[in-house]
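Engineer: Now for the letters of each chain:
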Amino acid sequence: MPSATVNNHRPSELLSRLASAEPEVKLRALREVKNQIIGNRTKKLSFIKLGAVPAVAGILADSADDVIDYNNNNCNVNNNINNILVQSAAALGSFACGFDAGVQAVLDAGAFPNLLRLLSNSNQKVVDAGARALRMIYQSKLVPKYDFLQQKNMEFLISLLNSENENVSGLGASIITHSCETSLEQKVLFDAGILRRLNSLLEGGSLSQRYSSLESLASIFKNNSELVSKFAGAEIERPLGSIIDLLKDRYPRTRLLACMCLIVIRNTSPHLLQDIGVKSKLIHILLELLDDPGQVGDEASFAFSSLIAQKEDLQKLALEANAIDKLHHHLQKGSLRPRRYEGILLALADMCSKLESCRSKFLSLQVLNLVTDALTDDSADVRTAACICLKSVTRSIKVCNVGNSFAVLVLIFNANIAYEMPIQNLSAGYFMNEMVVVPLVQLFLDPSTSVQVAALGAISNVVVDFTTHKCIFVQCGGMKQLVQLATSMESAVRSNALWALKNFVFLADNRLKEGVFSELTASLLSSLICDPEPSVQEQALALVRNLVDGCMNSVEFMFAEDGLILGAIGRQLQNASKAEIGIQGMYALCNVASGNEFHKEAVMHQLFPQMVDKNESFMINFLQSNDSQLRTATVWTIVNLTCPSSPGAFGRLVKLRNAGIVSQIKHMVNDPCVDVKFRVRTVLGQSMAFGDN
Amino acid sequence: MPPFWIVIRQLVEIEEQMATSKKVITREEWEKRLNDVKIRKEDMNKLVMNFLVTEGYVEAAEKFRMESGTEPDIDLATITDRMAVKKAVQCGNVEDAIEKVNDLNPEILDTNPQLFFHLQQQRLIELIRNGKVEEALEFAQEELAPRGEENQSFLEELERTVALLAFEDVSNCPVGELMDISQRLKTASEVNAAILTSQSHEKDPKLPSLLKMLIWAQNQLDEKAAYPRINDLSNATLEDPTV
Chain A
1 MPSATVNNHR PSELLSRLAS AEPEVKLRAL REVKNQIIGN RTKKLSFIKL
51 GAVPAVAGIL ADSADDVIDY NNNNCNVNNN INNILVQSAA ALGSFACGFD
101 AGVQAVLDAG AFPNLLRLLS NSNQKVVDAG ARALRMIYQS KLVPKYDFLQ
151 QKNMEFLISL LNSENENVSG LGASIITHSC ETSLEQKVLF DAGILRRLNS
201 LLEGGSLSQR YSSLESLASI FKNNSELVSK FAGAEIERPL GSIIDLLKDR
251 YPRTRLLACM CLIVIRNTSP HLLQDIGVKS KLIHILLELL DDPGQVGDEA
301 SFAFSSLIAQ KEDLQKLALE ANAIDKLHHH LQKGSLRPRR YEGILLALAD
351 MCSKLESCRS KFLSLQVLNL VTDALTDDSA DVRTAACICL KSVTRSIKVC
401 NVGNSFAVLV LIFNANIAYE MPIQNLSAGY FMNEMVVVPL VQLFLDPSTS
451 VQVAALGAIS NVVVDFTTHK CIFVQCGGMK QLVQLATSME SAVRSNALWA
501 LKNFVFLADN RLKEGVFSEL TASLLSSLIC DPEPSVQEQA LALVRNLVDG
551 CMNSVEFMFA EDGLILGAIG RQLQNASKAE IGIQGMYALC NVASGNEFHK
601 EAVMHQLFPQ MVDKNESFMI NFLQSNDSQL RTATVWTIVN LTCPSSPGAF
651 GRLVKLRNAG IVSQIKHMVN DPCVDVKFRV RTVLGQSMAF GDN
Chain B
1 MPPFWIVIRQ LVEIEEQMAT SKKVITREEW EKRLNDVKIR KEDMNKLVMN
51 FLVTEGYVEA AEKFRMESGT EPDIDLATIT DRMAVKKAVQ CGNVEDAIEK
101 VNDLNPEILD TNPQLFFHLQ QQRLIELIRN GKVEEALEFA QEELAPRGEE
151 NQSFLEELER TVALLAFEDV SNCPVGELMD ISQRLKTASE VNAAILTSQS
201 HEKDPKLPSL LKMLIWAQNQ LDEKAAYPRI NDLSNATLED PTV
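Those protein sequences? They're chains A and B, same order as listed.
If you're matching positions, the first sequence starts at 1 in the UniProt record's numbering and goes up one per residue.
If you're matching positions, the second sequence starts at 1 in the UniProt record's numbering and goes up one per residue.
Derived by calculation from the structure, the hints in this document are not laboratory data.
For each residue, glycine too, the CB sits at the ideal point set by N, CA and C.
Some hints here could point you the wrong way.
Stated by the list, open to error - 27 angstroms max Cα-Cα, derived DSS-like pairs, lysine-lysine: (1) B:K203 / B:K100; (2) B:K32 / A:K125; (3) B:K224 / A:K125; (4) B:K100 / A:K125; (5) A:K187 / A:K222.
To be verified - Derived DEER-like restraints, expressed as beta-carbon distance ranges: (6) A:L142 / B:Q152: 43 to 51 angstroms; (7) B:K87 / A:H284: 51 to 59 angstroms; (8) A:E434 / B:Q114: 39 to 47 angstroms; (9) A:Q366 / B:W5: 42 to 50 angstroms; (10) B:E42 / A:D292: 46 to 54 angstroms; (11) B:I181 / A:E203: 42 to 50 angstroms; (12) B:G176 / A:Q366: 37 to 45 angstroms; (13) B:I181 / A:E181: 51 to 59 angstroms; (14) A:R17 / B:W5: 56 to 64 angstroms; (15) A:E203 / B:P146: 38 to 46 angstroms; (16) A:E434 / B:I181: 50 to 58 angstroms; (17) B:E42 / A:R250: 30 to 38 angstroms.
As the list claims (entries may be wrong) - Sample of chain B residues at the chain A side, in silico, Cβ under 8 angstroms: (18) T26; (19) I98; (20) E99; (21) N102; (22) P106; (23) E107; (24) L109; (25) D110; (26) P113; (27) F116; (28) P146; (29) Q152; (30) N192; (31) S200.
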């Protein structure tokens with residue numbers, strides 16, 4: 001009976017036996033290494049650290065050379081060589097199985113070309129072992145891409161796919177899944193007639209051939225609507241049907257892969273698979289696959305997300321299929337593997353991203369508590385997913401105070417000031433309690449940038465609150481941390497921190513704003529307005545816009561440190577790289593222009609600086625922009641500057657007229673955007689009050 | 001359509017007809033209906049072959065192939081390898097079984113953590129059975145504990161297994177069923193199923209599920225009618241309807 005202990009199989013001792021000159025000893029050692037590492041990540045790692053991979057790769061290389069030397073002269077010797085080849089290839093394949101460190105070690109040891117050589121061996125077991133190992137390796141992104149564009153590579157690939165050996169044809173399909181990314185690569189494969197071969201593997205192949213051909217089909221179609229229409233059109237009608245048939249397959253993995261393939265096709269060409277039957281079938285199958293205890297169940301939620309993301313009709317269907325109940329049920333089970341946990345949270349996030357009915361279902365089931373728990377999970381991916389889910393749910397306007405939001409709208413009209421209003425998340429007050437806020441704020445300091453960014457995204461929605469709860473956020477140090485993060489090295493962190501601050505000061509009282517402003521300082525804010533990253537510029541300008549909400553005290557912020565901020569805004573507007581920056585900058589000026597005479601003149605100074613008045617004013621470009629929001633913001637500013645009740649209005653009107661702006665505005669009386677049209681009429685009315693026509 | 005489905009469909013049709021009152025169907029009437037169902041001999045043969053192959057009866061399958069001319073849907077040689085693995089687990093030689101599976105196809109245990117854990121667990125059980133306490137502890141620590149860290153449910157199963165060491169009389173302790181021969185059979189059939197799946201073969205034979213369907217359909221029908229029931233499944237004798 002074989003000994004069950006591991007005592008006399010210590011890795012180091014095994015390694016020395018690998019180096020033995022005796023083929024028998026070597027073979028036994030190889031087999032033992034293989035048997036120790038299969039299924040055992042810990043062992044793989046410790047063997048890799050001891051340098052086992054180069055040792056095994058060396059044996060493979062030597063024996064592959066021996067095959068040529070002996071050239072079938074001696075049957076016994078050959079038998080031994082073949083066994084060594086099989087065992088070493090199997091060991092290398094296992095090192096690479098689902099383990100990037102192993103793949104790297106195998107690649108570094110130069111084993112790749114020798115494994116390829118095994119494919120042309122005359123012994124089927126050697127071919128099997130080589131193909132299996134290569135397939136394992138091709139699961140990793142660490143492997144260099146296969147170059148389909150070279151003629152001889154394409155020929156080799158076709159020979160793999162045409163092989164009778166299912167491991168070899170499976171390898172061919174895995175290479176496609178691994179390396180087919182660009183539309184050119186997709187087209188080359190399509191033109192080479194690969195689809196026909198994949199399709200025959202789909203219909204007549206074994207289980208594993210079916211798996212790999214479904215995966216390769218998906219990678220050939222991904223985001224390439226031209227190929228999809230060629231495929232689903234006249235040329236080959238059947239394949240789509242045969243994929244749909246596989247939705248009924250008895251193997252869960254086949255059903256999952258068929259779903260994923262159809263989802264790729266649907267997302268690429270939305271006009272296909274519009275049949276409600278197929279849509280609800282996909283939803284039902286994926287929800288059912290969540291129950292699978294293995295990898296299929298883990299991946300089902302990701303496939304579900306890709307099916308429903310951004311698509312209201314599918315989210316509605318999924319809600320009717322009790323998707324939220326089912327996802328909730330899985331969360332309740334607890335002790336989920338990270339991948340599964342992450343997938344379920346992201347699926348919930350996508351479910352709640354658009355429809356109010358979904359969010360109210362989410363709230364009624366009290367899923368929130370479970371999602372909040374996930375904020376402190378060990379896995380960074382799970383924490384990120386929990387933040388994304390919270391962000392999605394807090395978009396809810398369900399529990400918003402109607403009276404308040406109405407008041408906001410009235411306020412905007414009365415004072416001619418503009419907020420960057422986070423319209424989507426008026427309900428956030430509901431979430432503004434310690435249970436959610438404190439763990440979210442703690443994630444600001446998370447070691448993972450993606451967690452930080454996601455936490456900031458979530459807090460952006462949570463901190464919007466009309467009245468009372470903002471102080472919780474300040475008390476737990478959230479505001480100070482946001483300011484800190486606004487100076488992060490990562491532009492995504494800077495921009496999301498500013499986004500959150502922007503929402504935080506939205507309709508906040510002056511005391512809170514002063515707090516934020518003194519923490520931020522004028523110099524930091526103006527340098528953020530001039531950040532190299534446009535998304536940061538935009539958020540910094542939007543923050544200014546909300547900070548200066550027409551009340552005199554807050555307008556004064558702009559004039560701290562000799563009007564540093566105002567100057568920065570002016571500079572950005574002179575050379576705004578995209579419309580969004582113009583919009584936020586103009587609204588910021590618009591709000592300043594709602595102040596007193598001095599404020600209005602300061603805005604004029606930014607709009608018409610002495611130095612550049614020979615050039616056409618950027619205001620004209622803004623008014624002629626295709627972006628209606630930019631036109632609106634610009635006209636609003638002019639409304640505030642020419643308000644007849646202020647003494648200097650006429651002088652400013654003259655300046656605007658001289659710059660050709662008034663005549664431009666006259667051309668806009670029938671602007672397609674209602675907002676613009678009304679504001680244009682206000683400007684013209686005001687200018688007529690000064691006798692202009 | 002497979003023959004048993006036809007029978008089941010008939011049963012369901014009869015059931016529908018008799019939705020209102022409980023009708024009596026005589027043996028004569030029943031047999032006449034059964035005779036109307038045409039079942040191809042080849043289909044029956046395929047069912048039998050499927051059973052023999054899946055359950056691993058190589059010699060019987062070989063004989064049956066020669067006698068009936070039914071081709072198995074799998075290379076019979078692979079059955080021998082699979083049976084050797086199954087047998088090794090059944091005899092408690094788990095390490096041997098693991099090595100055999102790895103020779104057959106190294107991907108099976110590398111991509112199936114649950115099966116790998118159950119085999120290792122079985123190895124631990126065998127060590128405990130043989131009274132090798134120290135070895136068992138070392139094995140649990142070195143091989144199984146890392147798997148428990150990766151998966152909560154493995155950890156629970158591991159704890160249950162290690163608990164065996166705490167009892168003098170393991171067969172009469174709360175986790176005693178782990179020592180039972182049925183635990184070996186459970187593990188053996190799990191390996192068997194995994195090997196079959198890796199060979200693109202279904203892991204369960206069709207015959208038992210057809211019999212289950214037959215029983216289900218009869219139970220449904222019982223509520224609606226009295227008819228010649230099959231109680232003795234191995235001989236398929238029709239009982240007289242009891243009124």
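Engineer: So, for every hint listed, does it hold in this structure?
Structural biologist: So, going through the hints one by one against the coordinates:
no.: 1; hint: B:K203 / B:K100; verdict: holds (19 angstroms)
no.: 2; hint: B:K32 / A:K125; verdict: violated (55 angstroms)
no.: 3; hint: B:K224 / A:K125; verdict: violated (59 angstroms)
no.: 4; hint: B:K100 / A:K125; verdict: holds (15 angstroms)
no.: 5; hint: A:K187 / A:K222; verdict: holds (11 angstroms)
no.: 6; hint: A:L142 / B:Q152: 43 to 51 angstroms; verdict: violated (29 angstroms)
no.: 7; hint: B:K87 / A:H284: 51 to 59 angstroms; verdict: violated (42 angstroms)
no.: 8; hint: A:E434 / B:Q114: 39 to 47 angstroms; verdict: holds (40 angstroms)
no.: 9; hint: A:Q366 / B:W5: 42 to 50 angstroms; verdict: holds (45 angstroms)
no.: 10; hint: B:E42 / A:D292: 46 to 54 angstroms; verdict: violated (35 angstroms)
no.: 11; hint: B:I181 / A:E203: 42 to 50 angstroms; verdict: holds (44 angstroms)
no.: 12; hint: B:G176 / A:Q366: 37 to 45 angstroms; verdict: holds (41 angstroms)
no.: 13; hint: B:I181 / A:E181: 51 to 59 angstroms; verdict: holds (53 angstroms)
no.: 14; hint: A:R17 / B:W5: 56 to 64 angstroms; verdict: holds (58 angstroms)
no.: 15; hint: A:E203 / B:P146: 38 to 46 angstroms; verdict: holds (42 angstroms)
no.: 16; hint: A:E434 / B:I181: 50 to 58 angstroms; verdict: holds (56 angstroms)
no.: 17; hint: B:E42 / A:R250: 30 to 38 angstroms; verdict: violated (22 angstroms)
no.: 18; hint: T26; verdict: violated (39 angstroms)
no.: 19; hint: I98; verdict: holds (7 angstroms)
no.: 20; hint: E99; verdict: holds (5 angstroms)
no.: 21; hint: N102; verdict: holds (5 angstroms)
no.: 22; hint: P106; verdict: holds (4 angstroms)
no.: 23; hint: E107; verdict: holds (6 angstroms)
no.: 24; hint: L109; verdict: holds (4 angstroms)
no.: 25; hint: D110; verdict: holds (4 angstroms)
no.: 26; hint: P113; verdict: holds (7 angstroms)
no.: 27; hint: F116; verdict: holds (4 angstroms)
no.: 28; hint: P146; verdict: holds (4 angstroms)
no.: 29; hint: Q152; verdict: holds (4 angstroms)
no.: 30; hint: N192; verdict: violated (16 angstroms)
no.: 31; hint: S200; verdict: holds (4 angstroms)
In terms of the numbered hints stated before, the structure departs from hints 2, 3, 6, 7, 10, 17, 18, 30, listed from lowest to highest.
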